[in-house]
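Chains as they are written, first to last, in this note's numbering: chain A, 45 to 527; chain B, 6 to 1057.
Because the hints were derived from the structure by calculation, they are not lab data. Remember, predicted model here, so these are calculated numbers, not experimental data. Think of the CB as a built atom: it goes at the ideal place given N, C-alpha and C, for glycine as much as any other residue. Treat the hints loosely; a few may be bogus.
Short derived list, chain B residues pointing at chain A, Cβ under 10 Å [claimed, not checked]:
1) V733
2) H824
3) G950
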Amino acid sequence: MSLLKYESQLREPLVDGDKDYHQVTEDIVRPIEAKPSRLWYIGFWISVGLLLFGVYSIYREVTYGVGQWNLNKTIGWGWDITNFVWWVGIGHAGTLISAILLLFRQGWRTGVNRAAEAMTIFAVMCAGQFPIWHMGRVWMAFFVLPYPNTRGPLWVNFNSPLLWDVFAISTYFTVSLLFWYSGLIPDLATVRDRAKTKFRKLMYGVASFGWTGSTKHWQRHESLSLVLAGLSTPLVLSVHTIVSFDFATSIVPGWHTTIFPPYFVAGAIFSGFAMVQTLMIIVRKVFNMQDYITLGHIEAMNKVIVLTGSIVGCAYLTELFIAWYGQNPYELWAFFENRGNLFSPYGWSYYLMMFCNVVSPQLFWSRKLRRNITVTFFMSIIVNIGMWFERFVIIVTSTYRDFLPSSWSTYYSPTIWEIGFYLGTFGLFFTCFFLFAKYMPVIAIAEIKSILKTTGEGYKAKMTDVEKADAEKFYIEEVTHAH
Amino acid sequence: MEKKYWQSFGELNQTENFKQSAQNEFKEELLPLADLDDKGIIDAKTPRRDFLKYLGFSTAAATLAASCEMPVRKSVPYLQRPDDVIPGVSNYYASTYVNGGDAISVVVKQRDGRPIKIEGNELSSITKGGTSAQAQASVLDLYDNTRLRYPMQKDGKEFKEVTSFDAFDKMVGAAITGKTVVLLTSTITSPSTLQIISEFLAKYPGSRHVQYDAVSYSGMLLANEATYGKKAIPSYHFDNAKVIVSLGADFLGTWLSPTEFSKQYAANRKVKSDKPEISQHIHFESMLSLTGSNADDRFLHKPSETGAVAAAILAALNGTTASFKDAKLNAGIKLAAEKLKAAGGNALVVSGSNNVNVQIIVNAINEAIGAVGKTINWAVTSNYRKGIDADMNALVNDMNSGAVGAVLVYGVNPAYSYNDKKKFIDGLNKAVGISFNASMDETAENCKYILPANHWLESWGDAEPKSGYFSFIQPTINPLFKTRAFQTSLLKWSGSTSADYETYFRSYWTGKLGSADTYNKALQDGVAEPATAVAGAAAFNNAKVAEAVAKAGTAVAGKEVVLYEKISIGNGSQANNPWLQELPDPISKVTWDNYVMMGTEMYKEMFGKDVIADKGASDAYEVHPEKPVVKVTAGKMSVELPVLLLPGVQKDTIAIAVGYGRESADAAKTIDYIGRSAKGAGKNVYGFVGFDGTTNSYTTAVSVVKVENTTYPLAQTQVHGSSESRPVIYETNLKSFTANPAEVLHEITHEKLATTANGSTDFRKDATIYPDLLEEKKGIKWGMSIDLSTCTGCSACVVACTAENNVSVVGKTQVKLAHEMHWLRIDRYFTGGDPLNPDVVFQPMLCQHCDNAPCENVCPVAATNHSSEGLNQMTYNRCIGTRYCANNCPYKVRRFNWLDYTGADSFEDNQKPLLGSYLDESVMQMNDDLTRMVLNPDVTVRSRGVIEKCSFCVQRLQAAKLDAKKAQDPAVVRNVKVACSQACPSDCITFGNVNDPESEVSKARADKHRAFYVMEQLHVLPNVNYMVKVRNTDRELGAHHEEKKEGAKAHA
């Protein structure tokens, strides 16, 4: 890994607390080896409860029909696809952090990449539920797989964006899972080596695939990481691009927009980072990992949030401009009546989205607020609410009043079973996350060790002097000297 | 020594290894689990890959096995096949739909012994193949499970079965002998029945026959008696009328004989670019009726002003200017009078009023303009309605005074529809009541004896809708239950020599028509009509006119209610018909309920919300099905109903439909007695019907009070009324159209020129960079043309489509959620500059079968695709229900099976979920075995979770192609009739092969100045075109005109 790193003289350390290698292992493995806290149990069982409610909601939908939801002849997709896109979006940060930041040699990623990747996988698992269970005949879902069949030349329709989704999501999930797991192997081996019971040894032994930590293993591991990073990088961009095609290639005014692919990707990263923030802030608190997930991490991610939030904001304004500039009456109506008119039935959702996604992240221009944990936590939730509403706005406010005024819809609000399905995916997500946090190292031990000395030592050595010296002199001496 | 063949050295040498392996059939381990016993999973012999293989295989096998289970249904073939039944081939029999006084000549489609569809009989010169929504739906009444199944007798409070007809005859014979018997029936148009009745009455001296119409026309009958000396209604000829003035007569919807009048009316409304000439229709009314919404010019007045308006028109013919407060109304009267005078007798004035004086004035107007003999034919009279209100009132009084011994009730339900129903029921209880009604309705349950009569589809019979014009009924199925023809009963009880009605009927008509051959021919044709139509006038006696004008009445102050019939439920006799209950009213788009129809001004006054000025208020009103409730009171009668806001209702007027609120004496029994669909649908407002001393009045002064904090959900299928100036409908007036036929489509033509590649107007070819794959295709290409000028919105096509294609009924709860399944709907748009009195455009909307269909390319599994004949096809068993196609359909014609509406699902018992019931009883009604007999076996019943939509009746197209092949004549497929085009009484839907220049649809499309496609700019290339609506008015029309004017203003 050292090839990918350079030692920064100026940056604050990526790991606080002056740790040595052993301490790192101790800190990170502690939750795995200790009994879970009371808080963990409460959280876990609440999650399982939500999951069961979700399962029951889906059971009703499958047994009785999609009519258990309040969708109608005009609004064919509602909460189901909104939630799908939202979860897929959340599932973007992990791979972005692992792959793209790896390629860009962002050392700070090591503190959060493991949990972010896990989050990605769980989020994609949640996302995948929606397109599956929203089908009217889910027991025929295998029709979307292009497998040789006895139905003559009957094949899937390669023109359909929904089919592209099938490929995009499954590829993304597979690659993300491999990436995450291959990173886990050395750490699982660490846990195995420390295991005290036979069962633990067996389980972690199986899971770590016989990792010995030999140089050859490390060499292969790093090559694999690079290859998977290379594979994942385009996927980060392609998945949400293809999800956006579900809308962009249709003819529905408000969906039929060429700006969607970049706008969706930016939005996905935006919401993904917000979700990482939410989880990381909880994890560092609950598992006492403030030293590894530092304010520096939080600040870095807040920077990404303000950047992507602003990109998304630009996209919103561009959409409005193009709708006006294009003078397509249907599009004008979708943007300026269905959404832009605050007093139209769904106007409120558009302005809520605007506030959450565009206005509120601007707070993060202030360094003080970027480094404030409470503000960050609330902001991360606001951003995710906003991004949920973005998808809701796109899906529902486009279809509820589209081309033919005779078919304009009445007001759509979800049934308890639609909400239940959504809550169920939260249950799934957090159940998985709690299990992950209990049984796997939430921070990449091996990777964090690789950066332990790259910033911390140099920083400590230099900053004691720097802190004493005055800034102007420092810059003249050090910065010019360094160049 | 035996020659040895060997495959390997092992075999040759018979080594130990070989022997062992030859013994072992399965060289590899079969099941991985056998090894797991004691060694643990890590050391197990079976490799991981095998384990995964087995896992995969068993999962896949289990999945397949679990999903492939199909229910086994057994069918038994005929041992001896009846001659005329070929399984899978339909038979068609001419018959006549009769319900009360209504009669429409029809052809019944019978399949495997079951009547399943009603079509119009084109041999009838009256209806000429047209049908109505009610006639289309009546086949479902046959299979109504509330029909009584045997004769019954009241025993205490309960009814018990009478085991045989003979026993019943004896019992009734004993009960009515020596008593004054009154036959209380609906208007009877059947000549043989009338004769049987007269024979019966002769047998019981002092007895009489009273004909009673739930919605009465006695005002007309009495006015005609006063002025022409005939208590009859003449024949009207709207086809001869160049100017039609209607004073609230809903002649295209519910007045007298709407199917007949629609045919006549449409003949004069079809515009041709080369010869633009259509009739002019001026309408005066208080509420917004179907006919009013088709009018060229429509004027509003208070209900109490009807007589005054009629008198003003009469006066205006002599040049007197009307002096109402409303200047628009005065202008309308002037316009009407001018046009009537100018028409030279080719004009017609009709009135829907039941007031004798109003009708006398109307007669005087028709005389004054010379209409009689031209558009009014007294040589042939109409028999649709004969009831006289005073007769009925006298009967009820007699019943209460005990002067009537027995009442035989046939085809009417006064215990529901009489305005003082309590008085009627009290009277009925004082006499021996005998009901022939088909179900345990409000009247039957108050009778002592019940002998259910056959449904018309099970009967012999005849009808004489107009004097000299006969239409015959022949049974198309054996009686389903132990029921007997009403006529047979009368014959039995009058001691006739004829064994039953069939014998009587045959000898009656063989005698009348001359021979058995002519009788058979008449039955086969279904009609017997005079060879030449006779026309004639009648002598007019104007003695009463001056008195009538004097009594015409003036406006009363305050609010008034208008009671009207809907095209679906009518007078309420078919209230348990789920097809009709779920048929959206073309004006209000409401299903399953009646309501208070209220104008925007009264709404503002009562609820403080100005929906015209305040867009937020109108949005809020339309997007929420929960509507405010008002209490309407007149005298003792009061009712609470939701408010349906409609533009074009006079500001002091509300309107409520009759025919709703059917309820048994014990409300809990309604569901069993009257039916699951009728229960809970609306409220009964017959109690508002007043009696002015001579006739019933269907308007009355009321008080309307807001009921605080109460709402009631209305299930509407369309909530937005404006077309928002989108290129969905086009309309123009005759004057502009004559001057410049190209002008109305100018905008779209201009757009085509501007946006196509080489300045052509061919969007299809030149607005795309892709090759047109269908362009070179010869052979058949199906297409449809719909004329907005002649579509009256009558909705017969909607019910026809429902019947033909097994379209599910989903019930009010589901319609409210916009889950209705109709493949074809009538969109209604309000247009024009006056929001208080807008124009209305009806647009039948169905799958447009786009050649560049946006639904087709988005389906991940290719469940919807395009046929080489231009059909957008739906493969139900491939559909997985992603609903993407429905989202992407700009016409929103795709329908999703949200729940198990048909009971066809492989998941059992899933129509009644725990924790909340989502399917109404009406859905269950459609799913029981008896009702399912109405299903068309040619069309798949769709299961839950799939999308469905209009197929252009592909089953009919396939049949037609087969016929064409057999006949070796491609012309057979030229003008195939699909269900909607067959049913249409105004011939606005044309269907056929557009590649055939001789087909009707090609000819229709050739009119380039009127043919347009809805939202053609989207380049989805629809196969359904519409024809511009042309109105014969001087007003500038349509949203596009409004825009143009605004544009001009902005430029200036």
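Numbered hints the structure breaks, given as an ascending list
none
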